[in-house]
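Model the full structure from these sequences, guided by the hints.
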Amino acid sequence: MINIKSLLIILFTVFINFSVLSDEADKVTTTSSDFETTYNEDEIFDPIEPINRVIFGFNNVADKIILEPVAKGYRKLPSPIQSGINNFLSNLRAPLVVVNQLLQGQGKNAAETTGRFVVNTTAGVLGLVDVADKIGLEEKEEDYGQTLAIWGVGDGFYVVLPIFGPSNLRDSAGLFLTYSTDPFNAYAVREGEGWVVPLRTATNAVDKRSKIIAEVNALRNNSVDYYAAVRSSYYQNRKAAIQNIDDSELTPLPLISVEFE
Amino acid sequence: MNFLYKIFFIFLLNATPLLADEASDWLKKEIDNILDAYKDTSVSKVDRFNLIEDSINNNFAGAGISKFVAGKSWFSASKETKKEYVKLFKRHLALNIASIMQGYSYQEYVLINSKYDEKNKVSMIDMEIHNDTGNLLVTWRVKKSKDRYFVIDLIVADISLVVTKRSEFNSMLKKVDQKLNELNVVLRSQNESSYSIITN
Chain A
0 MINIKSLLII LFTVFINFSV LSDEADKVTT TSSDFETTYN EDEIFDPIEP
50 INRVIFGFNN VADKIILEPV AKGYRKLPSP IQSGINNFLS NLRAPLVVVN
100 QLLQGQGKNA AETTGRFVVN TTAGVLGLVD VADKIGLEEK EEDYGQTLAI
150 WGVGDGFYVV LPIFGPSNLR DSAGLFLTYS TDPFNAYAVR EGEGWVVPLR
200 TATNAVDKRS KIIAEVNALR NNSVDYYAAV RSSYYQNRKA AIQNIDDSEL
250 TPLPLISVEF E
Chain B
0 MNFLYKIFFI FLLNATPLLA DEASDWLKKE IDNILDAYKD TSVSKVDRFN
50 LIEDSINNNF AGAGISKFVA GKSWFSASKE TKKEYVKLFK RHLALNIASI
100 MQGYSYQEYV LINSKYDEKN KVSMIDMEIH NDTGNLLVTW RVKKSKDRYF
150 VIDLIVADIS LVVTKRSEFN SMLKKVDQKL NELNVVLRSQ NESSYSIITN
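Protein sequences appear in the order of chains A and B. Oh and the first sequence: position 108 is 107 in numbering that gives the first Met the number 0, straight run, nothing missing. Oh and the second sequence: position 178 is 177 in numbering that gives the first Met the number 0, straight run, nothing missing.
Hints are computed from structural coordinates only; laboratory data are not their basis. Misleading hints may appear alongside valid ones.
As the list claims (entries may be wrong) - FRET-style restraints, in silico, Cβ to Cβ:
(1) A/Phe-175 / B/Asn-56: 40 to 50 Å
(2) A/Val-196 / B/Lys-82: 55 to 65 Å
(3) B/Lys-82 / A/Ile-64: 34 to 44 Å
(4) B/Arg-187 / A/Pro-182: 28 to 38 Å
(5) B/Thr-198 / A/Ala-61: 21 to 31 Å
(6) B/Lys-44 / A/Ile-50: 33 to 43 Å
(7) A/Ser-179 / B/Glu-107: 38 to 48 Å
(8) B/Lys-82 / A/Lys-133: 47 to 57 Å
(9) B/Gly-133 / A/Tyr-186: 26 to 36 Å
(10) A/Val-117 / B/Asp-46: 48 to 58 Å
(11) B/Ser-195 / A/Gly-106: 50 to 60 Å
Stated by the list, open to error - Derived pair list, reagent style BS3-like, types lysine-lysine, alpha-carbon separation capped at 25 Å:
(12) B/Lys-178 / B/Lys-86
(13) B/Lys-44 / A/Lys-71
(14) B/Lys-114 / A/Lys-238
(15) B/Lys-44 / B/Lys-178
(16) B/Lys-38 / A/Lys-210
(17) B/Lys-38 / A/Lys-75
(18) A/Lys-139 / B/Lys-114
(19) A/Lys-71 / B/Lys-38
(20) A/Lys-210 / B/Lys-27
(21) A/Lys-238 / B/Lys-118
Unchecked claim - Per the computed footprint, the stretches of chain A lying under chain B, defined by three or more beta-carbons under 8 Å from a beta-carbon of chain B, are:
(22) 104-114
(23) 212-221
Note that CB positions come from ideal geometry on N, CA and C, so glycine has one too.
This is how it looks when you write it as structure tokens:
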């Protein structure tokens, strides 16, 4: 009888403890620390916001009436053509990717990208086919903006560039360096074929835009402040690119209390 | 006794991946439910959204996310305002997720990787979406509570939905002097606009 009594007491105590713990888990008790995230998310430095918003509005209209319809048309091309264009443009970027990988001290990655460039330019018919990927040479992107960040250059303030879209001072400088040191652009200009540069830029924009039609529309159609949503997306995306870390580990974990609906 | 310790140790080692795998199985079922709703052409767009909204409300930690997104303005709002805000935010979240998932409805996907973050008690499940010209990585953050799972964040190509929403709402709240009731007006109007796009 005593044993049964003891057992009941233990069971009752366990039950009470479990209920108390479960109740605690249900409560959404928010403290100020729950809302702490890095400055990137909440305090992006944007001192010229009014001007940026005007340029953003212009870019948004240009996107709606030109870029998005062209990107949608591009998506209707047979997929080997789309892949071919994407691979070709990506191969053209490779020499500068190698330069940036070297500047960032990524010797192994630089060797791999060089290998990719050689294989794709030859066996891949001037880069139209990504043969290198099939033999395990994975594509990695690095640019001057990322290099400057690795060297300790801060973001500067947020800036929306006409046509080019969201950026910041550091990445704008990086973009300028990209255009002024790209060997293919330099060759085209030297040969009197400067029109190739804007054509390449436009094709690149269409190719990239075609890959995020659904995502951009989802963001545009469902944002209470589309400008702020794009600004945050840009910073998150760049942060991930600079740190070269797996996204799920890198993205700040929001401290969300799980509440029963 | 040593044997017991060994068993306990083996159990501990196995528990982490098991939690992640269990979460993956649950998530796959829920994703399929949403994607199947898009593929079913016999239902109207309104019914389809209602179905998806129910699914999202059941499986996302909507209230917790809404509080995180509101930031410091949550503290100064009245009980009624908070209640209305959470209701509006849940619909806003459903409209956002439904809109993102709509884009993936006819694409193949596979859950490629799942990790369990022991420190934060969060499973991170990677979903690779395939299309003709490349793959897109979407990471779901899932938390378990009281024997069931909740999605707490969705990361599309390195961009967290929750962090983006927080930044967006923070910007809007600055314009309205951190007044949640004024944000509710904007949110209601945005929901109406988003709803009309997704159901037409």
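Tested hints:
no. : hint                              : in the structure
1   : A/Phe-175 / B/Asn-56: 40 to 50 Å  : holds (47 Å)
2   : A/Val-196 / B/Lys-82: 55 to 65 Å  : holds (56 Å)
3   : B/Lys-82 / A/Ile-64: 34 to 44 Å   : holds (41 Å)
4   : B/Arg-187 / A/Pro-182: 28 to 38 Å : violated (54 Å)
5   : B/Thr-198 / A/Ala-61: 21 to 31 Å  : holds (28 Å)
6   : B/Lys-44 / A/Ile-50: 33 to 43 Å   : holds (40 Å)
7   : A/Ser-179 / B/Glu-107: 38 to 48 Å : holds (42 Å)
8   : B/Lys-82 / A/Lys-133: 47 to 57 Å  : holds (56 Å)
9   : B/Gly-133 / A/Tyr-186: 26 to 36 Å : holds (28 Å)
10  : A/Val-117 / B/Asp-46: 48 to 58 Å  : holds (56 Å)
11  : B/Ser-195 / A/Gly-106: 50 to 60 Å : holds (54 Å)
12  : B/Lys-178 / B/Lys-86              : holds (17 Å)
13  : B/Lys-44 / A/Lys-71               : holds (23 Å)
14  : B/Lys-114 / A/Lys-238             : holds (22 Å)
15  : B/Lys-44 / B/Lys-178              : violated (34 Å)
16  : B/Lys-38 / A/Lys-210              : holds (21 Å)
17  : B/Lys-38 / A/Lys-75               : holds (21 Å)
18  : A/Lys-139 / B/Lys-114             : holds (24 Å)
19  : A/Lys-71 / B/Lys-38               : holds (21 Å)
20  : A/Lys-210 / B/Lys-27              : holds (24 Å)
21  : A/Lys-238 / B/Lys-118             : holds (23 Å)
22  : 104-114                           : violated (count 0)
23  : 212-221                           : holds (count 8)
Checked against the numbered hints given earlier, the structure breaks hints 4, 15, 22 and satisfies all the rest.
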